[in-house]
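A.B. asks: If you want the building blocks of each chain, they are given just below.
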Amino acid sequence: MDHQNMSSEITVPHHQHSDEEFKGRVRKTTILLSVITVIELGLGLLMYSTDFPHWTDLFIKGVIAILTLAKAFYIVSIFMHLGDEIRNMIMTIAVPLLLFVWFIAAFLWDGSEYKNLRNRYDKTKQEQLIKMNTPVKGQDTATHHLD
Amino acid sequence: MATTAVAKTNWWSGGKSPFNLEYGKLMMWYFLMSDAFTFGAFLISYGTIRFSQNFWPDPNVVFNALPGAGHANLPLAFVSVMTFILIISSVTMVLAVHAGHNNDKKGVIKWMIWTIIGGLAFLSCQAWEWHHLITGGHAVLTDGHLDVVGQTTRVNPWGAQVHGAAITEALSKTPHDALVKLVALNDHSQTHEQLAKLSDAQLQGMINTAELHVRETGPVAFGGFFYGITGFHGFHVFSGVVINVIMLIMTQNNVFARRGHYLMIEKAGLYWHFVDLVWVFVFLCFYLV
Numbered sequence: 000m001d002h003q004n005m006s007s008e009i010t011v012p013h014h015q016h017s018d019e020e021f022k023g024r025v026r027k028t029t030i031l032l033s034v035i036t037v038i039e040l041g042l043g044l045l046m047y048s049t050d051f052p053h054w055t056d057l058f059i060k061g062v063i064a065i066l067t068l069a070k071a072f073y074i075v076s077i078f079m080h081l082g083d084e085i086r087n088m089i090m091t092i093a094v095p096l097l098l099f100v101w102f103i104a105a106f107l108w109d110g111s112e113y114k115n116l117r118n119r120y121d122k123t124k125q126e127q128l129i130k131m132n133t134p135v136k137g138q139d140t141a142t143h144h145l146d
Numbered sequence: 000m001a002t003t004a005v006a007k008t009n010w011w012s013g014g015k016s017p018f019n020l021e022y023g024k025l026m027m028w029y030f031l032m033s034d035a036f037t038f039g040a041f042l043i044s045y046g047t048i049r050f051s052q053n054f055w056p057d058p059n060v061v062f063n064a065l066p067g068a069g070h071a072n073l074p075l076a077f078v079s080v081m082t083f084i085l086i087i088s089s090v091t092m093v094l095a096v097h098a099g100h101n102n103d104k105k106g107v108i109k110w111m112i113w114t115i116i117g118g119l120a121f122l123s124c125q126a127w128e129w130h131h132l133i134t135g136g137h138a139v140l141t142d143g144h145l146d147v148v149g150q151t152t153r154v155n156p157w158g159a160q161v162h163g164a165a166i167t168e169a170l171s172k173t174p175h176d177a178l179v180k181l182v183a184l185n186d187h188s189q190t191h192e193q194l195a196k197l198s199d200a201q202l203q204g205m206i207n208t209a210e211l212h213v214r215e216t217g218p219v220a221f222g223g224f225f226y227g228i229t230g231f232h233g234f235h236v237f238s239g240v241v242i243n244v245i246m247l248i249m250t251q252n253n254v255f256a257r258r259g260h261y262l263m264i265e266k267a268g269l270y271w272h273f274v275d276l277v278w279v280f281v282f283l284c285f286y287l288v
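Read top to bottom, the protein sequences are chains A and B.
Be aware that the first sequence starts at 0, since it is given in numbering that gives the first Met the number 0, and climbs by one per residue.
Be aware that the second sequence starts at 0, since it is given in numbering that gives the first Met the number 0, and climbs by one per residue.
Calculated from the structure, these hints are not laboratory results.
Just to be clear, a hint being listed does not mean it is correct.
[Unchecked claim] Derived lysine-lysine pairs resembling DSBU-like cross-links, with alpha carbons at most 35 Å apart:
hint, chain 1, residue 1, chain 2, residue 2
1, A, 27, B, 104
2, B, 180, B, 196
3, A, 22, B, 15
4, B, 172, B, 196
5, B, 109, B, 266
6, A, 27, B, 266
7, A, 22, B, 7
8, A, 60, A, 114
9, B, 266, A, 22
10, B, 172, A, 122
11, B, 105, A, 22
12, B, 266, B, 7
13, A, 122, A, 60
14, B, 266, B, 104
15, A, 60, B, 266
16, B, 266, B, 15
17, A, 22, B, 104
18, B, 266, B, 105
19, B, 7, A, 27
20, A, 114, B, 172
21, A, 27, B, 105
22, A, 22, B, 109
23, A, 27, B, 109
24, B, 15, B, 104
Values in this document were obtained by computation on a predicted structure and should not be read as measured data.
One chain only, chain B, in its complex shape:
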């Protein structure tokens, strides 16, 4: 920036932007500020509730799965992959904007395509994570009996661990369907239909209470906060991808070449970086702290 010209200018004399920015870009910055406050408020409310609880699930126990790795215990692995995908897509976005500065249409197209691919990859990862959490079965002790539940907005399977006698006693009070699900957790030799035909006593006999990991149900708020905030963020990633696709099409159709500038790409770029930035904080709050 030519500092003497900046220092000499009376920014508030009228007839020009007092922030030396084109109107659209300034408005994008202020929209991002409002969005930052919204995400910030969500994350802060999560922090408040989380620290107000005596017990909160350990993220290293909850988020330890990696696609393709089966039941291996790999905390932080998958979320690192997601973080790097988003950071790299931010870098490709920077390069797209830079190509726009140089009026390099081919460069813009190339880097926008990579950014879109990064965004779609991230969304796929998040979808897998959600699916894994919702459909994953965990044995819990609830209401005096055992059950098998996944992580939803209504129930959290990661409370305090339960041992010994409490498990056996709860097992005796467990209804038939729950028994079938419990056996199916570790025994994959028969289908649910086949197991359903067995009697309660037979099913109870097939369960090894010494090796069964049972927990109490954890704080219900966990699900609402996790799915709500990552979902809200995922929605922003999705809309960002849509915007980027529109930018790509407009570039291809020479809209920006005709205008003589690629400022629109820059504004889309600001939005995309914001999305990456929010993820950095979501990652911090849910997985590391």
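One chain only, chain A, in its complex shape:
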């Protein structure tokens, strides 16, 4: 396997996978991504068709989010070849994104807090809240159902 004309910046040539080995990795990763997607869709439809209590819904959504992160990991590591880079390089991508996790958690928590504080202290919101507690998730009882 001949190497490409390396630029002078590269010290150690990137590991060249054999053709067969590479095609195998691509096929396995594609199947894995498809299976994870199907599982996510299955869980989504499960939440739609079954009336779970709020905490179960939240748990399932958490599982789906983790599955999505797994998909992201495989796409970045294998399709984008980040897994083949040296450790320093991987860190410049991974560390800022880990900080990002805190960004996500903080703002979603804040958003929930806006709602909770408003409901607790805003008198006009009290009646809206009572009205909200009767229908179920805005699900249309009159549209055709899957069954």
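Based on the hints, put chain B in the right spot on chain A.
C.D. replies: The following block gives chain B in isolation, referenced to the frame of chain A:
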């Protein structure tokens, strides 16, 4: 990677890339990081507003259409198709880059063509989805009367459901044009012009309030976030397709064969995978959570 050579190298001694990468590729990675933060910020702001609301439309009710399936209720069906299209186009891109490593010009051309087709297919699907949402008519109760609206950046037709007496009362206060639209929702035997000639009382008589699905207007923010974020993503898909077409033409014209390497294809590949990655998260945030 030859691990002993990697371990022995002093990466920061100068005269070489400390990340063992060609400059262009490194810069593409950092551009993608900045883009990731931009999309991330958009999605996080969507999450913040969405969770700050007592009521938010159920995506399984909003996004339940499939082209060719008429009014069938098929949540998650169309968006699955779109997700798979993009994943497969990512796979064909990987194969194009791999063909480039092997200096296989014909292989690069073949797989780039498939990737471009995938990108165009995705854009067509997204265009259909937008069109369906914007032009779809839904009966809403707004300002004490009924109206028929689609999903735009100014109005959302998926608020809390309205039943019984409230509908009849609002119907009596509904202006003529809205009455015509309401009748046309379920009655396709006459055109809008023909219906417009009928009187208000006649039109009201043609509406079955027991079967009419009426909702209050939902959170306005829904439209802005949905069209803004999917639009921004669609713009990236479009620019990705343009870049891929340029890559295809350059490959065809032997630009890379002359250079001796297909590194440019790799960089375009990184961008394309990023576009796929963003979609995976958009799909999660808007359709599943």
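A.B. asks: A separate judgement is required for each hint: does it hold in the structure or not?
C.D. replies: Structure-based check of all given hints:
Taking the CA atoms of residue 27 of chain A and residue 104 of chain B, the gap is about 25 Å. The hint holds against a cut of 35 Å. For a cut-off of 35 Å, the pair hint linking residue 180 of chain B to residue 196 of chain B stands: about 13 Å separates their Cα positions. With a CA separation close to 32 Å, the supplied pair residue 22 of chain A and residue 15 of chain B stays within the 35 Å bound. Between residue 172 of chain B and residue 196 of chain B, the direct Cα distance comes to roughly 19 Å. Compliance with the 35 Å bound is thereby established for this hinted pair.
Restraint check: the Cα-Cα separation between residue 109 of chain B and residue 266 of chain B comes to about 18 Å, which is no more than 35 Å; the hinted pair holds. In summary, the hint linking residue 27 of chain A to residue 266 of chain B is supported, as the alpha carbons are separated by about 23 Å, within the 35 Å threshold. For the proposed pair residue 22 of chain A and residue 7 of chain B, the alpha carbon gap of about 31 Å is at most 35 Å, so the pair holds. Simply put, residue 60 of chain A and residue 114 of chain A have alpha-carbon atoms about 20 Å apart, close enough for the 35 Å limit, and the pair holds.
Proximity of residue 266 of chain B to residue 22 of chain A is assessed by CA-CA distance (about 20 Å); at most 35 Å being required, the pair is judged to hold. Our distance criterion of 35 Å between C-alpha atoms is met by residue 172 of chain B and residue 122 of chain A, whose separation comes to about 30 Å. Distance check on the hinted pair: residue 105 of chain B and residue 22 of chain A sit about 17 Å apart at the alpha-carbon level, within 35 Å; holds. Distance check on the hinted pair: residue 266 of chain B and residue 7 of chain B sit about 28 Å apart at the alpha-carbon level, within 35 Å; holds.
About 32 Å separates the Cα atoms of residue 122 of chain A and residue 60 of chain A, which keeps this hinted pair within 35 Å; it holds. In summary, the hint linking residue 266 of chain B to residue 104 of chain B is supported, as the alpha carbons are separated by about 17 Å, within the 35 Å threshold. Our distance criterion of 35 Å between C-alpha atoms is met by residue 60 of chain A and residue 266 of chain B, whose separation comes to about 34 Å. Taken as a hint, the residue 266 of chain B and residue 15 of chain B pair is honoured in the structure, with Cα atoms around 20 Å apart against an allowance of 35 Å.
As the CA atoms of residue 22 of chain A and residue 104 of chain B are separated by approximately 18 Å, the hinted pair is consistent with the 35 Å bound. The hinted pair formed by residue 266 of chain B and residue 105 of chain B meets the criterion: a straight-line CA distance of about 19 Å does not exceed 35 Å. Distance restraint check for residue 7 of chain B and residue 27 of chain A: the Cα-Cα separation of roughly 33 Å lies within the 35 Å cut-off, and the hinted pair is therefore satisfied. Between residue 114 of chain A and residue 172 of chain B the alpha-carbon distance is near 34 Å, which keeps this suggested pair within the 35 Å criterion.
Between residue 27 of chain A and residue 105 of chain B the alpha-carbon distance is near 24 Å, which keeps this suggested pair within the 35 Å criterion. A distance of roughly 16 Å separates the Cα atoms of residue 22 of chain A and residue 109 of chain B; the hinted pair therefore holds under the 35 Å criterion. Taken as a hint, the residue 27 of chain A and residue 109 of chain B pair is honoured in the structure, with Cα atoms around 22 Å apart against an allowance of 35 Å. Taking the CA atoms of residue 15 of chain B and residue 104 of chain B, the gap is near 30 Å; set against the 35 Å cutoff, the hint holds.
Of the hints listed earlier, there is not a single one the structure fails to meet.
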